[in-house]
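*Asks:* Quick note, the sequences are listed as chains A and B, same order. Residue numbers for the first sequence follow this note's numbering, beginning at 2 and rising by one. Residue numbers for the second sequence follow this note's numbering, beginning at 874 and rising by one.
Watch out, some of these pointers could steer you wrong.
[Claimed, not checked] The list that follows gives simulated cross-link-like pairs (lysine to aspartate or glutamate, EDC-like), each with its CA atoms no further than 20 Å apart:
#1 A:Lys64 <-> A:Glu6
#2 A:Lys106 <-> A:Asp147
#3 B:Lys901 <-> A:Asp161
#4 A:Lys106 <-> A:Asp81
#5 A:Lys26 <-> A:Glu6
#6 B:Lys901 <-> A:Glu149
#7 B:Lys901 <-> A:Glu284
#8 B:Lys901 <-> A:Glu120
#9 B:Lys901 <-> A:Asp147
#10 A:Lys64 <-> A:Glu149
#11 B:Lys901 <-> A:Asp110
#12 A:Lys121 <-> B:Glu1154
#13 A:Lys26 <-> A:Asp197
#14 B:Lys1156 <-> A:Glu114
#15 A:Lys64 <-> B:Asp930
#16 B:Lys1076 <-> B:Glu1154
#17 B:Lys901 <-> A:Asp214
#18 A:Lys26 <-> A:Glu122
#19 A:Lys64 <-> A:Asp161
#20 A:Lys106 <-> B:Glu893
#21 A:Lys26 <-> A:Asp214
#22 B:Lys901 <-> A:Glu6
#23 A:Lys121 <-> A:Glu111
#24 B:Lys901 <-> A:Glu215
#25 A:Lys26 <-> A:Glu215
I should point out that these hints are in silico values taken from the structure, not numbers from a laboratory.
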Amino acid sequence: MITVERLTKRYGPFTAVDDVSFEVKPGLVTGFLGPNGAGKTTAMRVMSGLTPASSGRATVLGKPYAALPNPGRHVGLLLDASAQHAGRTGREVLTLGAILMGVGKHRVDEMVELVGLTEKEANRRVRNYSLGMRQRLGIAHALLGDPEVLILDEPANGLDPAGIRWMRDLLRGYANEGGTVLLSSHLLNEIERVADEIIVIGHGRIVAQGTKDELLAGAGTYTRSTDDDALLGALAAQSIVAQRTPTGGLQVEAEPIEVGRVAAAHQIVLTELRGGDSRGLEEMFLDLTADAAREEVAA
Amino acid sequence: MITTTSPATAPVAPMSPNAESSLPTTAKVPSRLAGPRPAIGVPFTRLMHVELRKMLDTRAGRWLLVGIAAIIAIALTIMFFNDGGQHSFEEYLQATTMPMAIILPVVGILAVTSEWSQRTGLVTFGLEPRRIRVAWAKLLSALAVGVAAFALALALAGIAHQAAITFRGITADWGIDGLVLLGAGGYVLLGIAQGVGFGMLFKNTPAAIVVYFILPTAWSILGSMVSWLESAAEWLDMQRTMQPLFSGSLTGEQWAQLGTSVSLWVVLPLAFGIWRLTRAEVK
Chain A
2 MITVERLTKR YGPFTAVDDV SFEVKPGLVT GFLGPNGAGK TTAMRVMSGL
52 TPASSGRATV LGKPYAALPN PGRHVGLLLD ASAQHAGRTG REVLTLGAIL
102 MGVGKHRVDE MVELVGLTEK EANRRVRNYS LGMRQRLGIA HALLGDPEVL
152 ILDEPANGLD PAGIRWMRDL LRGYANEGGT VLLSSHLLNE IERVADEIIV
202 IGHGRIVAQG TKDELLAGAG TYTRSTDDDA LLGALAAQSI VAQRTPTGGL
252 QVEAEPIEVG RVAAAHQIVL TELRGGDSRG LEEMFLDLTA DAAREEVAA
Chain B
874 MITTTSPATA PVAPMSPNAE SSLPTTAKVP SRLAGPRPAI GVPFTRLMHV
924 ELRKMLDTRA GRWLLVGIAA IIAIALTIMF FNDGGQHSFE EYLQATTMPM
974 AIILPVVGIL AVTSEWSQRT GLVTFGLEPR RIRVAWAKLL SALAVGVAAF
1024 ALALALAGIA HQAAITFRGI TADWGIDGLV LLGAGGYVLL GIAQGVGFGM
1074 LFKNTPAAIV VYFILPTAWS ILGSMVSWLE SAAEWLDMQR TMQPLFSGSL
1124 TGEQWAQLGT SVSLWVVLPL AFGIWRLTRA EVK
């Protein structure tokens, strides 16, 4: 359980996180989605007690992070997979964590196996790890203390599609056992594949939040029929807004069941009927990304 | 429609020796640890243990120690053959202590600055958010390394002196003044504490190392050119205030001078450095 209340973080005149409030619930995987520089990482660092907030607060398991006793046993952090001493072996990184948390060395072996690093790879120095291997090491480190909450910043970065699927399964299983997961990403399809709940952040502000279904729904209905003109007319008669799409078929601002009823009443044969694409979320996200890209160019 | 084979029957591709291992095909949920989650914080001894280990488990850390060992070995060998090996225990001790006093502060500096340069601070301060305890653990474990090193310096000097007596037939000279011993030990330990302090102050390896090594020299050069700096140096130049220790006697004023210089170069950087460390944003 993570609670963020009216959190603001300013760096001089720049506001990285602007009056953000949300809750991350146990038993779910919550995705924190936003373009690079939107404030995801800053918000996560404040939650982890590494960056002081300018105002507002964040609590994990009902307490400020710094008040958690032996926090590694309560919260698993992966804030930057590359933030590891290049001269240590992967196994040594995990061993140091295990000693500090007091979890015993057998846990290190278990985590190495869990993320599929071979014995040889675990004994290699982190300097020689690919980004994907660093991510796996970071996930192993986050899970080391058997935490109740996971805070993962861009954990899927550097993983291939199979790796993303593996992580989805892992986090799903973890959440099913009552764990709380917050993971960030700047890629919509990554979040779509992993998260149950989505919080979209842009320019430090939350622009949308809700369950994945809620956010992806509300996109109307896409349908094709043997006689689109007749269907268009029939829908208009029911004052349902619909329009042709450039690729053929109709985009209708109504639920599929209503479209089906109208078609049935007029005996129009439908060849396709489904919920519309997640254009709403995608467009909103693309706008955010475009803004960020423009700012980068301007800067 | 593409036919997919189930993972169980999929042929395993031969792996080249450098290929990265693939992730397991199915994700396992990590097992639960037995017992309740801890309600008490990380014990300080564990922090010390980890900080001590971190100083020695990297290549940089190990090479520094190997470097010190090599310099000591060379110094002792030269002394052993120079002048028929006729040197007192005190002189041998000087040879074993010097390299440690010069290089071990770098271990102290790296213990702090690597948290920022290698960005391991994200993990360190994530696992122990009470940063002041991390700061103390770093200082004390660095000093523990210093104590162990000084004990080793004593032992090596003793062995070298005894070897010279046995094999080169020199006259035994084991006498050593308590103050000289204090001076030699202090030289090593204060240097380390200063290194840790500078590391915390600068949070940056090159800056801390350069300032640590350049400042005393610059101070001495300036001191010889500017007269009022010369008199200030009597109170503030640690190189100078420590000298009387090695001659074996200190006046009250000399003790005060020693205390003043140690406050300036060791206590002050540490105090300000710890203050900075507890407030800095970890990135």
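*Asks:* Would you mind marking each hint as holding or not holding in the structure?
*Replies:* Against the structure, the hints come out as follows:
no., hint, result
1, A:Lys64 <-> A:Glu6, "holds, 13 Å"
2, A:Lys106 <-> A:Asp147, "holds, 14 Å"
3, B:Lys901 <-> A:Asp161, "holds, 18 Å"
4, A:Lys106 <-> A:Asp81, "violated, 24 Å"
5, A:Lys26 <-> A:Glu6, "holds, 14 Å"
6, B:Lys901 <-> A:Glu149, "holds, 17 Å"
7, B:Lys901 <-> A:Glu284, "violated, 35 Å"
8, B:Lys901 <-> A:Glu120, "holds, 18 Å"
9, B:Lys901 <-> A:Asp147, "holds, 14 Å"
10, A:Lys64 <-> A:Glu149, "holds, 13 Å"
11, B:Lys901 <-> A:Asp110, "holds, 14 Å"
12, A:Lys121 <-> B:Glu1154, "violated, 36 Å"
13, A:Lys26 <-> A:Asp197, "holds, 10 Å"
14, B:Lys1156 <-> A:Glu114, "violated, 29 Å"
15, A:Lys64 <-> B:Asp930, "violated, 34 Å"
16, B:Lys1076 <-> B:Glu1154, "holds, 11 Å"
17, B:Lys901 <-> A:Asp214, "violated, 26 Å"
18, A:Lys26 <-> A:Glu122, "violated, 35 Å"
19, A:Lys64 <-> A:Asp161, "violated, 36 Å"
20, A:Lys106 <-> B:Glu893, "violated, 24 Å"
21, A:Lys26 <-> A:Asp214, "holds, 16 Å"
22, B:Lys901 <-> A:Glu6, "violated, 34 Å"
23, A:Lys121 <-> A:Glu111, "holds, 15 Å"
24, B:Lys901 <-> A:Glu215, "violated, 29 Å"
25, A:Lys26 <-> A:Glu215, "holds, 16 Å"
The structure fails hints 4, 7, 12, 14, 15, 17, 18, 19, 20, 22, 24 (numbered hints given earlier, in ascending order).
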